[in-house]
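Asks: For the record, the sequence lines run as chains A and B. Heads up, the first sequence is in numbering that gives the first Met the number 0, so the first residue is 0 and it goes up one at a time. Heads up, the second sequence is in numbering that gives the first Met the number 0, so the first residue is 0 and it goes up one at a time.
Derived by calculation from the structure, the hints in this document are not laboratory data. Treat the hints with care, as some may be off.
As the list claims (entries may be wrong) - In silico SDA-like cross-links for lysine to any residue, where the CA-CA straight-line distance does not exceed 20 Å:
| hint | chain 1 | residue 1 | chain 2 | residue 2 |
| --- | --- | --- | --- | --- |
| 1 | B | Lys69 | B | Arg10 |
| 2 | A | Lys232 | B | Thr214 |
| 3 | A | Lys229 | B | Arg10 |
| 4 | B | Lys69 | A | Met206 |
| 5 | B | Lys27 | B | Lys213 |
| 6 | B | Lys213 | A | Leu189 |
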Amino acid sequence: MSDVLVKIRNLSASFSSVTVLKNINLEIPSRKVVAFIGPSGCGKSTFLRCLNRMHEEVPGADIQGQIFLEGQNIYEKHIDPVLVRRKVGMVFQKPNPFPGLSIFDNVAVGLKLMGVKKRVLYERVEDSLKQAALWGEVKNILKRQGTSLSGGQQQRLCIARALAINPSVVLMDEPTSALDPISTARIENLIRRLKEKVTVIIVTHNMQQASRISDKTAFLLSGELVEYEKTSKIFTNPSEVRTESYITGRFG
Amino acid sequence: MRKIQNKLDERLNYIRSLILDMGGFVEKTIASACDLLLDKNPNPNIMHELKMREEEINTLQLRVSRVCFKILARESPVAGDLRLILAIVNANTDLERMGDLAFNIAMKVESIEKDPILDEIIHMYESMFAQVSKMVHSSLDAFVAEDERLSRKILIQDDNVDQIRDKVRKGLEDITLSHNRLIKPCIDLIIMAGELERIADHATNIAEEVIFLKTGDDIRHQDIPDQPEEEYKK
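Using the sequences and the accompanying hints, generate a full structural model.
Replies: Pasting the structure below:
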């Protein structure tokens, strides 16, 4: 049994008066890939945004309950959200390299903000790009704009950027939905390798992707956690009828 | 959430109906073989008809496997749909084998030289045929209704067939020792008993597939431990 990295207790979240997550309780193991599936509007993205305290940035947003990361409740008053986000990196649906910055600086920017010394900076950037399986393609063009890369390369650059600051968790919100099958396969292989070092929590609408890459899968429906199980169980013999109906495409 | 009319359901129902057609042909072939053994079939063209039926079963097997192949490639079925496809793929193989075995039995029956000494044994075959036919029929009923309870009953019936086969074999061995001239028909009858017992095994396989389809549990060879999750990930 793996160690628990993130423990979520009675998590509810809302926008203005609309509740989008209802009393979620679950534990995310260390160094695993966990997929969140569910129809649009079920609360998957809100769930991710609660994990790195981005949800509260939206005006009118409210959150209740506790999220323990490595045993520490990230919603305690004295905790700085910026420090939480150093531990919990995020990759979005659409690749979003910083415009105007070189490939190198896209990865280095977070490290510079953290005060990483110049002499180790290059090493850390190289290491992050290698982890993101992009180094071989960009090592000779590091000064080029990040936005000059292809969509798949840009997404791997964003993953390298997220990895550079050594997070414990990387959140991915539909990271391949804008990519072709080859770029998708590269990112999926990358995610499989990443779990040697970090926990990956991925939101995806692609059932096959969830079944291919994740160790555990959570099914959310109307803000409720319907089922959270080993991925092989969810996709071969789910316990809940609602899960079966959703993954077999019989409800929409 | 609203219910979506699923094209996959239509396709699954279609292959289910093909499986039932195959099962029907297999049942008829077994019945014909039994009638031949008991001299109840006066139809002079029976062997020709059985050959045609066997070819029909082969054609259906190919149709089922081609549709399953396309569904797997194009629909990426999961959960209950995936278990159903796997159960159908396996049942398809079982039924084709059952058809072959039933046809082989009919061919042997036709060439067996009857002798009054064999009458008692042949009477035992009648009950073996009845048991096997019942198992095949029940396995198809269980498949259509996805009936786990009926499937478990079939698993028990398999033991009865094995017992009759053992009795038949012992009786035939005794006859060969005392009646040399009957060695050839006795050998044919011993082989036939084995083939009938194999048909019962295939019906048992279908029952096991129904249990897998219904529960997700693979009950075959339970002495072999489940494969650890890590092995899949290699």
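Asks: Keeping to a limit of 20 Å between CA atoms, is the pair of B:Lys27 and B:Lys213 held or broken?
Replies: Not OK: B:Lys27 and B:Lys213 at ~28 Å, beyond 20 Å, violated.
Asks: With the threshold set at 20 Å, check whether the alpha-carbon distance from A:Lys229 to B:Arg10 stays at or below it.
Replies: Violated, at roughly 29 Å.
Asks: Given the hinted pair B:Lys213 and A:Leu189, is their alpha-carbon gap at most 20 Å?
Replies: Roughly 36 Å separates the two Cα atoms, so the pair is violated.
Asks: Compare the distance between the alpha carbons of A:Lys232 and B:Thr214 with 20 Å, and conclude whether the hinted pair is satisfied.
Replies: Given that 20 Å is the threshold and the Cα spacing comes to 12 Å, the pair holds.
Asks: Holds or violated: are the alpha carbons of B:Lys69 and B:Arg10 at most 20 Å from each other?
Replies: It holds: about 10 Å lies between the C-alpha atoms, which stays within 20 Å.
Asks: Can the restraint linking B:Lys69 and A:Met206 be considered satisfied, given a maximum Cα separation of 20 Å?
Replies: Holds, because 19 Å separates the two Cα atoms, which is no more than 20 Å.
Against the hints set out earlier in the document, violations occur for numbers 3, 5, 6.
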